[in-house]
Amino acid sequence: MATTQAGIARRPDEAGLTPLLEVEDLRVEFRTRDGVAKAVNGVSYTLHEGETLAVLGESGSGKSVTAQAIMGILDSPPGFVTGGSVRFRGQDLLALPDDERRAYRGRSISMIFQDALSALNPVFPVGWQIAEMFRVHEGMSKKDARKRAVDLMEQVRIPAARERVGDYPHQFSGGMRQRIMIAMAIALDPDVLIADEPTTALDVTVQAQIMQLLADLQRERNMGLILITHDLGVVADVADKIEVMYSGRIMEEAPVHDIYASPAHPYTKGLLESIPRVDLKGQELSAIKGLPPNLTNIPAGCEFRPRCPYAREICKEQRPPLAEVVPGRFSACHFAQEVLEGDIEPAQQ
Amino acid sequence: MGRYVARRLLQMIPVVIGTTLIIYTLVWSLPGDPFAGRCGARPCPPAYVAAMTDKYNLDDFWLVAYFKYLGNLLTGDFGETFQGLSVGEELLRAYPTTAKLALVAIAFEILIGIGAGILAGLRRGSYIDNLVLVSTLVVVSIPVFVIGSVLQLFLGMRWGIFPATVGGDASLYNLILPGFVLASLSLAYVARLTRTSLAENRRADYVRTAVAKGLPQRRVIGVHTMRNSLIPVVTFIGADFGALLGGAIVTEGIFNVPGVGNLIFRSITARDGVMVTGAVTVLVLVFLLVNLLVDLIYGWLDPRISHG
Amino acid sequence: MADPTPPVATQAEAPETTETAVRTLGRDAWHDLVRKPTFIISAVLFVFFVTIAIVPGLFTSLSPTDCALALSRQGPSGAAWFGYDNNGCDVYTHTIYGARASIMVGVLTAIGVLLIGGVAGTVAGFYGRATDTVVSRLGDVFFGIPLLLGALIVLVSFPGGADTPQLVTIGKVVLALAALGWPQIMRITRSSVLQVRSADYVQAARALGAGGTRMILKHIVPNSIAPVIVVATIAIGGYIAAEATLSFLGVGLQPPVVSWGLAISRAQDYVRTSPHMLLFPASALSLCVLAFIMLGDAIRDALDPKLR
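Chains as they are written, first to last, in my numbering: chain A, 1 to 349; chain B, 1 to 308; chain C, 1 to 308.
Calculated from the structure, these hints are not laboratory results. Among the hints, erroneous ones may be present.
Sample of chain A residues facing chain B (criterion: CB under 8 angstroms; computed from the structure) [stated by the list, open to error]:
id: 1; residue: 75
id: 2; residue: 102
id: 3; residue: 105
id: 4; residue: 107
id: 5; residue: 113
id: 6; residue: 118
id: 7; residue: 133
id: 8; residue: 136
id: 9; residue: 140
id: 10; residue: 296
Partial list, computed: chain B residues near chain C (C-beta under 10 angstroms) [to be verified]:
id: 11; residue: 8
id: 12; residue: 10
id: 13; residue: 12
id: 14; residue: 21
id: 15; residue: 22
id: 16; residue: 150
id: 17; residue: 153
id: 18; residue: 243
id: 19; residue: 246
id: 20; residue: 247
id: 21; residue: 249
id: 22; residue: 291
id: 23; residue: 294
id: 24; residue: 297
Stretches of chain B that chain C covers, calculated by requiring three or more beta carbons in the stretch to come under 8 angstroms of a beta carbon on chain C [said to hold, decoys possible]:
id: 25; segment: 94–100
id: 26; segment: 258–270
id: 27; segment: 274–285
Built from N, CA and C at the ideal position, the CB exists for glycine as well.
Just chain A, with the same shape it has in the complex (with noise of 0.2 angstroms):
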């Protein structure tokens, strides 16, 4: 497939050094009585150490399952990995068995939920839920544990984590659940950390702060950070590079400044277009019509150019593969040209 060798022919490693996580051709489907879904259809991406990534897309784009997949925390049957590798320091996870799997989760690569609130077990304590990490990684005591539990606790800059190491999730506010998400997910010093729609559920002055404590944490550790989220607004700040997710495939990956100034893809210059903007005050925004694809019948040809406004009949059979436009900046259109420069016209509907 056209995909994958652009995949590959795309990353030679500027240091010459092996990248922390790549992620080569995956593919994901959910194996359901109304047929199979294909969620994730070769995604490529890689990650470096200290580097942040913005993985953008709508639901059902398959970021996020993308994601499990590299944590090996698939709901399977029906989710099942049909192909690709995720190499972690070079080895691949994806060829090891459980066991030696679940080594990695949590210490080499961690990640935290978009909603705490259930992400977190009830029925215990958040110190108990956070020294858990050390007593079964390490085999450490419970006294010493629950200190480190605390210490973490205070990182992630809960007030009074002393006193409310016993507490239940069900007794913090929205945002200090996910700062305990947060101490349990770097509790054992990960390279790796994925945040799944990390803020998505919070109000937005919590947001802001939740972001900057994963910053300024990413920038302490030199993690790789990969940041999945549906809000363009989010990311600016933080990210350094930015893929741009639509049923399944990676449309578009660009430095977060590249992207901004000039999309070079349709679909990302739509999300762009929607972000309300103060400049901009008074003016229609616009949207992108219709719905994504139906992934269980994923249409032949470009997929999203039932969608698209610069639709031209070459869409309709093929389906342009991830292509580098200009150095460093990747497009999966057959107009990306064109988009990037501001140089096409919609077609006529």
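Please arrange chains B and C on chain A, whose structure you already have, making use of the hints.
Coordinates of chains B and C only, in the frame set by chain A:
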């Protein structure tokens, strides 16, 4: 925790008053002769009628009479049968045996019921899952007294593995068969509930978190999934305790276990209404107390309750 | 077709929700049901038992009073497939005729609890506040008395004899069970009504000034009744078993009524020598209970979108 217990105890008072009032009204204060069918096959002797009318203050206004009766209950005075037996003493004698039987039954519910439910819930769609589903459905649909009779016939009489009747010797071994029969229905429900609850919780977000933490599968299920899954099961066992007590009447009757149930069973046959109502009232009170206990366990299992 | 849609849909992340075909829940449920073996089996059994109950004459040419003491306790043979009971009555005929009383008790009790519990639950859920508190507490009081124990008290308080008309005997059992069974339906109706009441279309109708009774009949009842009916169906099985247990204890139905519970009770004394007397009525009873439980289960599974 202390405040929670106090609140629960306070909430129980109106329920206790309500239930005893209903029972009292049914037994003594409905139109018609309260002594019809209370003294065996013959009408009650006039002396007994006079004594009981006096004892239960039946000449007083209904509600007044009820509160006097409640006062008697609180001092442990359950009245006398027409044969002059003290209901309270009879109950006291029979009570420990029934408690023992109920404990045996609950042990079966926990061991077999929860055990089978876990096996089935962990391997949904497997052979063992289907076996549990079908066998519990069969058990649920056969009334306890049929199961009792059949097991008594085969395990007790034909094959002689267990004693067919218990009689005076209510040892733990002798109570195994009646305890199992008594537990059978609830056991089936417990197995099904555990299965569903476990299967539901395995998909919960916090279980996914536990996996993402790199915990071994054993710990993910044994610690994180199990505790949450057992919350509804514990509630069920408590709420179902009433059915267990009702079933004890049948089971103790069949196996001749000298407990409260058997007392009721015999009193029904002898048409001794005073004994029946006294014993049932006690069972209802025990049921309410057990429910309180289960609420407390529930609060401990699920911190969201007691702190909320 | 191209409605402007915000780029960020608020659907769940699961890819299976991208299903575009719109199917109604009701049609979907029916589609599911007719392909489910448990539904087909239980539906066939249901029709079968109801037919027996309505026209027992179709299945046997004998009458339950055709008994000859000479045939007492003879085992199954070509002439009498199920054998004879201790009075020399044909067990097959008795099993056929026994269906009517047992099913009548089950169905009538279900109707009774639906009426009492349904009305109480709807009123409590719809009007809320003080009404809700009073109804709910009253329900708690009745819920505090286990079904079998409470029914026992009621029936002991109203003893009947051989001279009591059959319908009165059946009516007493129905009343006893319904009087204690209604809180279960009340609670389910109440929570179901609470859910419907807060639904947008009900709020809308309310804002448009629809009155209480009209709201209840037009919006609340049709939309909240499904789970209630399911529970009532399953409960019929339980009521049939409870009737049999009460009859077995000697306080439920009384001869000359013909019922499975009575037949099993009679067989109890001869279980060693004439197990056929127990086997056939017990199997019929269990099969019938199973049919109702399975039927309710199948409908519930089909209606529950969570399990789809």
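Cross-check of the supplied hints:
no. : hint    : result
1   : 75      : holds, 7 angstroms
2   : 102     : holds, 5 angstroms
3   : 105     : holds, 4 angstroms
4   : 107     : holds, 6 angstroms
5   : 113     : holds, 7 angstroms
6   : 118     : holds, 4 angstroms
7   : 133     : holds, 6 angstroms
8   : 136     : holds, 6 angstroms
9   : 140     : violated, 14 angstroms
10  : 296     : violated, 21 angstroms
11  : 8       : violated, 13 angstroms
12  : 10      : violated, 13 angstroms
13  : 12      : holds, 9 angstroms
14  : 21      : holds, 8 angstroms
15  : 22      : holds, 7 angstroms
16  : 150     : holds, 7 angstroms
17  : 153     : holds, 5 angstroms
18  : 243     : holds, 6 angstroms
19  : 246     : holds, 3 angstroms
20  : 247     : holds, 7 angstroms
21  : 249     : holds, 7 angstroms
22  : 291     : holds, 8 angstroms
23  : 294     : violated, 13 angstroms
24  : 297     : violated, 19 angstroms
25  : 94–100  : violated (count 0)
26  : 258–270 : holds (count 4)
27  : 274–285 : holds (count 5)
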